[in-house]
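Join the two chains, each given in its own frame, into one complex according to the hints.
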Amino acid sequence: MTAGTPLLALTGIHKQFGGVHALRAAHLTLRGAGETGVVHALMGENGSGKSTMLSILSGLIRPDTGTVSFGGTAATLAGPVDALRHGVAMVSQETAVVERLSVAENVLLGRRLAGSPMRISWRGTRTRARSVLDRLNLDYDPDWIVADLRPDQRQMVEIARALSMDAKILVLDEPTSHFTDDEVESLFAVIRSLRERGISTIFVSHRLKEIFAIADEVTVLRDGQTVATGPITDFTPETLVDAMVGETTGLRGKPAGRARPAGQPGRPLLSVHGLHTASGLRDIDMTVDRGEIVGLAGLVGAGCSDLLRAVFGLEDVTAGEISLGGEPLRPGDTRGAIRRGIGFVPADRRSEGAIGSMSVNDNLMLVHTMGRPRLSHPPRAAESRMVAQVMRQVRIRAASAAVPVGSLSGGNQQKVVLGKWLVSDPALLLLDEPTRGVDVAGKSEIHQLLRLAAQRGVGLLVSSSENDELLELCDRIAVMFRGRIVTSCTAQEADEAMLARYAGGHT
Amino acid sequence: MITGSGSTQASHEAPPAAAGRRTGGAAAAWAATAPFRPVLILVVALLIALTIWLPHTFPTGTNLQNLLTAVAVLWIISMGMTFALLSGGVDLSVSANGALSGYFMAEILGEGVPAGVAIVLAVLFGAGVGLLCNGFLIGKLKLSFFVVTLASMTALTGVVNLWSHTLSIFVTSNVVGYMAVGHFLGIAVPIWIMAAVFVVAYYTQRWTYFGRDIYAVGGSLTAARLSGIRTTRTIIAVYGVTGGTAAFAGVILVGSIGSASPTVDGTLPLLAVAAVLLGGTALTGGSGSVVGTALGVLFIGVLQNGLSIGGVSGFWQDVVTGIILVAAVLGSGRTRRPLLRALSRPQAGSAPPATPPAGTEPRTETAMRMGKEER
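Those protein sequences? They're chains A and B, same order as listed. Here the first sequence is numbered in the working numbering, starting from 1 and rising by one per residue. Here the second sequence is numbered in the working numbering, starting from 1 and rising by one per residue.
Chain B on its own, in the form it takes in the complex (with noise of 0.2 Å):
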């Protein structure tokens, strides 16, 4: 029986994986957080740290709850943002279409519209911005994502505001303020929604066919159009789904500060971009997962959160941040033996030039460089 080079390539790969499924369920779980690891040791590490550094404000009840509303809106536009990450591409127009439509449920409200209605309109709302403005440009006329987004971005701010006429309107539903800052058993609203928005996202991806289609355009949008897939489709249903995360933003937003502002947060996507990379999924798509996306908001919460109360400018908050999502990302698979090849390659230059491995291509470079050595 001949042994395929692949199985003993794979099995190379995950030895401990193999190994984990043997001995039992803790080990499986384990190994099935490969994918986001380096953010989940960095978020206990950070709560450990925190718990230690400040035991009597960090680690309360209170504190926790606050925690986790501050980044709420940040969480319901990464969950969408991961979906775009996936399907590879980007979406740079949430929260410009999270402010349009947190101001057209304002509008309605005003109209008299009931408060559960015009939620719903509200998220429909920015759903269609999103699948008219981008996902039709990008899946069916192929534009860049970027310029798309970038560009619907530019043109939802001065929407919002010419038709705001840059004033805010103030929203007295109780319904709407209830999803910001109520509590229901004794947890915040936000929270809950948080979890519900979480849960929905994970079954997407992970237990529907719509979730396989967004991996498989992401990892290669020719073969999945070559296997029947949708592409199209998919592309511009993912569209509408980061504008509906946007919207649900918006309409908490606009709850959490009683009014709805033309206001447009640009560097909210940027964070919500950093949040789904810091949990590991990839920007050229096809890998990642929500489950990461959720570590990586929190982390950029905790962060927050510590920071602020043991007295550390929020600044700090960003910086770190920033060295983070470096490290996290060279800190992933795929780059971490080019990383290890150009930290070591000093020691390779002072060392008699090696001899390439034997049943390799030859490397032009290689090959080019070592003749100058020897001239």
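Next comes chain A alone, as it looks inside the complex (with noise of 0.2 Å):
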């Protein structure tokens, strides 16, 4: 291949769904050098599109416009069998390995294993997953069960598989998010020795550190375009940022901010001291006072969402504590910390937020009469009052009270959601993703909705993956990373670059 052919190049890609342009003219180009083959990072926030575009590059979807070429000749994928017939592998974010089966089942898997059509013959099916892992230097027994692994040994059994397909372009989707530093350098020294043997990676992260580490070029996209593309040495992390958040976020990151009673003097209401958790929270400090919006930022596995489950009691904690105005709340005593004012919106609203196939009523009801002695009845009348009302004030747009709440659209859901604790009058909102999957209007109520909470006078703890929203909602925001709180600033001193800088480990 002569130097000047890009390995792999995707122009001009645009793509619809429904009305909505998820890329408007992106590219990439996968420029490489000779023999040795490249790292190229993709960046972007959510929803900028960098999933439809690796969805595009292995095939599952189709672009509207625009083409894939591989080393200069144009290619149609219809399919990931077409996307690896020319040599191009997905390496999923959810790792996609079968965990009952043996490390060589799980890298041949979805061929024939070796031996003839009658038998499987072990020997030769351990001698070719043997093979492949040798040339990736891992020693692993072929015989293991990848149940046993780690999440980067497993991640390694899936580049295997890819291998063992003759992939010539690796898509790694995030594959370090829920890694520990040591998990993140083994993977990054079996990308190395593959860029060596001219395999290349395509690589998405949203840790900057990462990028600078083993990035070789970058493309950022924003809001569905390539904004930014070149070699890693063209960037500093200040550029990358820029490029991810635009340069109107300067303006646009500064919200009025929330006229909030100053100088709230005494105890804060939530305070975290010296917390370490199994889930890997590392030495948290922090507090919430009476109608005050903390926000919690981080990227995925940085332990926003297990610091909420901890305060909860839904977590095991190591050591440490964790006290509602002054008297310590139980570790583990979920019911303890209802009762004591506490409300958790979970993240996945439909398994853990509302019950789907209950009516609003009982929904809304529920946390309010959970001390209630179970084989006496619910007074209907007084009930009905009562959901009326709060149906009212949260604006939950339903036929009746008594329709299930999974007809709901999403945004109703998480009203519902939010109306349960709002009905016992909280002293403390933990909220994980608040506006997940909900429309910009719905959106906006949420929001509005919080903000009467708070100046009520409760305190609210929202985690949350989108910048612009904990800035626009928040009075103070701490950034997490790796389980612990890195930097924690009012929302005036805030903007998205640095919340960006500071969320992918850059300080």
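Take the hints with a grain of salt, since some may be wrong.
[To be verified] Calculated lysine to any residue pairs in the SDA-like style (CA-CA distance at most 25 Å, straight line):
1) A:Lys209 with A:Glu99
2) B:Lys140 with A:Ser351
3) B:Lys140 with A:Pro373
4) B:Lys142 with A:Glu99
FYI, nobody ran anything at the bench for these hints, they're computed from the structure. Predicted model only: the values in this text are computed from it and were never measured.
If you want it as structure tokens, here you go:
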């Protein structure tokens, strides 16, 4: 291959999903340099079109317009099999391994294991798997069961599978989000050794440190467009973040801010001191005052959700103390936490927040009536009065209070979950991704409800993967990285670029 | 004013209900039958058909009483089973537990315990066995309900046979006999009992926090727990209820045959599950009602009775019940859409490939399939 022709080029890619432009004239080029492969970082905020781009590259979806070419020749990718034929192998975000099977079986998954049509030759299978693992310098036993492996080792098994199919370009979608430092290093060692052997990697990560440690070239997407691309040496962490969040955020990132009763004296409402958990939180110190909205920013796996869950008594606390109004909370006691006035709006609304098969009425009454004797009967008239009031207050739009919550839109479901806690006058609300999957109108309504709650003196701790949401909503923002709070500041001091930088582990 | 898509969706789903509420009580009552409408229609149709087919033998007072008395045991067990399914489980050990509790009652009657006390103790005994053997393991230790109740069914069958040395004990108590074969105000006592059990079950389901907890636990265990519901306690209690109803059914059975037999009817739990499912309760938990279950049991009872007095082999009843069961589950709302899609697929295949509707996420399979067609 001549040095001038790119290994891979996606040009002029458009993709629309029902009126929404996921990609508009996006492009991505793997330049390559002679015999060795390249490591190409693809960056962009949530919703910038990264996943769509990768899906197009791996043949899962087809672009409305635009071309994909390999070594200068245009190709049509009609499915993952086509993509593989051109040497592109996707290693998915949720590691797609069969846990109960061995390493060898997983490496050769989807193809015939060695042997005659009538019988599997386990020895042949093992040998074939062994040779692929050797190419990766991995000393794994092919007979190991995948369920016993660490996350990074599972990822390796997937990479081995891709290699065994003669992949020339590996696509890794946020491979490191749940890895420890050592695991990231071992993955990078493999990526580097593959590069030596002419195998390229397209790599999605939000962690700036990692990008600068491994990538040769980078492409940045924003709102479906390629806004920057080139060798990594052309970029600094600052210019990369600016490209991701856009020039205008300097203005957009600083809204007027909420008028909050200033100077609340006395003890904080929630205080977390020296908290360590089994799930990986390290040395967390933080407070939330009455009437204050505190945001938690951080990438997937940084520990924002874990911190919320720990306060609600859902995590295994190994050290430290959490107290509400000066009184310590018993770790692991969720009912106790609720009784003390803590409410929790989980990220997964469908399986953890609302009970879809139950009516709006019964969902809204769940928490309020948890202390009643179970064989007594609910006062229906009083309940429907209370429910009607809450439905007005949080503006739930439903035909009646008797319809199942599952039939409502995402925004209305989330308002039911919120309403469930507001009924019983909480002291502190913990919210994990409060507006995920909610349309724009519903989002601003929910924000307004949260501000109203804060004005009434409720403390709010909000985790969100959307930094602009935190900047708009919160008084103070703490940024988490790998289970620690790395910085904390007021929303006025913060901007999107700064949050992205800290969340990416760059200080 | 922006209208949320939720409200439009909801009103789309139930336009007849909304219209009915305005016109009056009958329409509202009809709307309330939606979850178990298939089985309601079936029962009514079957009653009409049998009345036309056998006008002299079927619709008589005596026959209808016989019909109901014949399903008394199934009825009582199915009421408890409804709670198990609503909570997202199943109790397979009910007939073993019933036989054991019936035998227990016969033993303490033999020791001279008064009949009334013995019956109450037997029911408590069955509830206790359900709490300890099933509830604790499923609720507290989070074991699979299927494994646990299958194991307790097997073990309890062994226990009752060991304890009784496979011998029946005659029960001469008048009280126990009266419960199974007596009459009160001209109506067979088992029918009164069935009505009472139904009322208690309906009250529990509809008018207590416990009932609401069961729906919550079956609808989403995690969401219920995160809302402060004592999910473990709720599940344990549910298996206490199935044990108690099993024991009560066991008592009636002892009364009707006049002796406590260690024989365990292995098909009874599955027949009860069938009745509950016929009544529109979801196997996945969280939705359904004892009203539907009552109709499900009635359907089985009417079919059994009609076919037997019409001189048709009883095994036809099994065949028909099986077919209707699948049909009823197919007819329920959740599966109707995929069913229609499956039925309409051949047509779509012959037509030029349809463009996916706007506003939907791309379907991987669709994209792949369309790609293959072009190649």
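The hints, checked one at a time:
no.: 1; hint: A:Lys209 with A:Glu99; result: violated, 31 Å
no.: 2; hint: B:Lys140 with A:Ser351; result: holds, 21 Å
no.: 3; hint: B:Lys140 with A:Pro373; result: holds, 21 Å
no.: 4; hint: B:Lys142 with A:Glu99; result: holds, 22 Å
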